[in-house]
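There are 2 protein chains.
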Amino acid sequence: MTFKSFAQDSQARIESYLDRQLADATLLDEAIRYSVFNGGKRVRPALVYATAQAVGLSFDSADPLAAAIELIHSYSLVHDDLPAMDDDDLRRGLPTCHKKYDEATAILVGDGLQSLGFQQLSLTPAATIGATLETLCEAAGPNGMVLGQAVDVASAGSALSYEQLRAMHRAKTGAMIVASCLLPAIVAQVEPAELAALQRYADAIGLAFQIQDDILDVTSDTDTLGKPQGSDIRNDKPTYVSLLGLEGARAELTKLHAEAMSSADELTGDSAALRGVADYIVSRVL
Amino acid sequence: MTFKSFAQDSQARIESYLDRQLADATLLDEAIRYSVFNGGKRVRPALVYATAQAVGLSFDSADPLAAAIELIHSYSLVHDDLPAMDDDDLRRGLPTCHKKYDEATAILVGDGLQSLGFQQLSLTPAATIGATLETLCEAAGPNGMVLGQAVDVASAGSALSYEQLRAMHRAKTGAMIVASCLLPAIVAQVEPAELAALQRYADAIGLAFQIQDDILDVTSDTDTLGKPQGSDIRNDKPTYVSLLGLEGARAELTKLHAEAMSSADELTGDSAALRGVADYIVSRVL
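Protein sequences appear in the order of chains A and B.
To get my numbering, take the position in the first sequence, counting from 1, and add 72.
To get my numbering, take the position in the second sequence, counting from 1, and add 72.
Take these hints with a grain of salt, some might be off.
Where chains are identical, the list cannot tell them apart; a pair therefore holds if satisfied intra-copy or between any two copies.
What the hints assert, rightly or not - Below, simulated BS3-like cross-link-like pairs (lysine-lysine); rule was C-alpha separation at most 27 Å, straight line:
| id | residue 1 | residue 2 |
| --- | --- | --- |
| 1 | K327 | K309 |
| 2 | K171 | K113 |
| 3 | K171 | K327 |
| 4 | K76 | K172 |
| 5 | K309 | K76 |
| 6 | K171 | K309 |
| 7 | K327 | K76 |
Everything labelled a hint here was simulated from the structure, so no lab data went into it.
Let's have the full structure, built from the sequences with the hints guiding it.
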């Protein structure tokens, strides 16, 4: 199976699973579904399933983990787009939640999606639920993703060093990518060495993903991106391209890809899909 | 022990526990602590400890449950105060989080507090963590508190019937009050009949709490309330007082108090503190 078909299968699987999980109709249901089913690439669920394959966890057991990660990722996008945060009108070519509905709805949709994300973990085995909950909360909360967004908002317009930018991204996007690889491994109760290799793999691709984002922001066009081309530069956001130059950023990307591949080598199981994710991240065009 | 001293002990206990749990220093730490340690009465933790006493759960085991509830309650206050929601400048006489800091910080503080709340459940016994997580997520999420706030925001300025107002409050504030009584009972693995009695008790005091809020909004003064007196009326919010009249609301409060007491009678354990909470709710002046 090629990685492209693995990624497509992962995407179809999580779309279908989330569709069934979000079937309850409440006042917020339409806005919740609008924010979850928005044409997202489902990179994090693909990582969850790819890791599940590498650690011998069934895809049925991985479903709630993938959903937990994706619902929390979805909440973060809705809140990051708010006027008080990044103030984005478009996401993937469509109006953001607060433009389609209103700000109060967007705040509540994000809040609700976070609860729904953690709720998915209640469907996982009792033996590991404490550890998965602890790991996901650390990744999502004020030591992880929320901290990263706070640093990002606070640092707009100021000069960050490469190390500061990397620390910000490790929290803002890296922590949830690492969690995508750790959760299935925790449920499968793998050995510590296997967990450490997955952590190194995920650290590398998490940073690579962000660097590729920054490269695409300056090399791709608005239609392909689904948001205005060059918007990070115009918003005075520090990026890897502004710090390292375009060629420097591409060299760093190549190095991180090699790191991810050598970490995948250390895994005892079938790491083909994890390698495929790493290849995809450095070669993607949107 | 009088209920007053039980409530004071509960308050001191949860303040100290939260102080230790929130010791990590991050960029958001100051704003998180500002929003959690704000002179709150800690009614929900008192309910958790009172229920723990009734079901024979140790207070040490109840600490993370009380913290989970209070952290999620704290997040909801920070988000409810935002300009796009209730647009409140003051809470308990102090600037609300977005006035003290800014809107982006308040959004992120709320988001972070929700993660920290669920994280507390990772400290509870493996045998019941799935059930407590499911219960707390249902109470906090888009079928519970978040739904209630959405209905509340959407219904400002429109006429609600008593049944509609009651359904809104059952979601907005009732669900988390019920969860405060169910979580310790779930961890203690009580019989279904005991759980049902606690549910009835909590339903009654949850509604009573809201009715007393509405009564205080028109009978108390701004200094005592810590927010402008009569603000619900001015904001065109439907209240029990506007629907039932002041005397009608007081009569309903008396009926709910009796319901709570008769439900407490059905419990086999020491329900003195739960009775004390019910007495407090109908007699409180702020």
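Against the structure, the hints come out as follows:
{"no.": "1", "hint": "K327 x K309", "in the structure": "within (24 Å within a copy, 59 Å between copies)"}
{"no.": "2", "hint": "K171 x K113", "in the structure": "within (22 Å within a copy, 37 Å between copies)"}
{"no.": "3", "hint": "K171 x K327", "in the structure": "neither (39 Å within a copy, 45 Å between copies)"}
{"no.": "4", "hint": "K76 x K172", "in the structure": "neither (32 Å within a copy, 49 Å between copies)"}
{"no.": "5", "hint": "K309 x K76", "in the structure": "neither (32 Å within a copy, 53 Å between copies)"}
{"no.": "6", "hint": "K171 x K309", "in the structure": "both (23 Å within a copy, 25 Å between copies)"}
{"no.": "7", "hint": "K327 x K76", "in the structure": "within (23 Å within a copy, 64 Å between copies)"}
Checked against the numbered hints above, the structure violates hints 3, 4 and 5; every other hint is satisfied.
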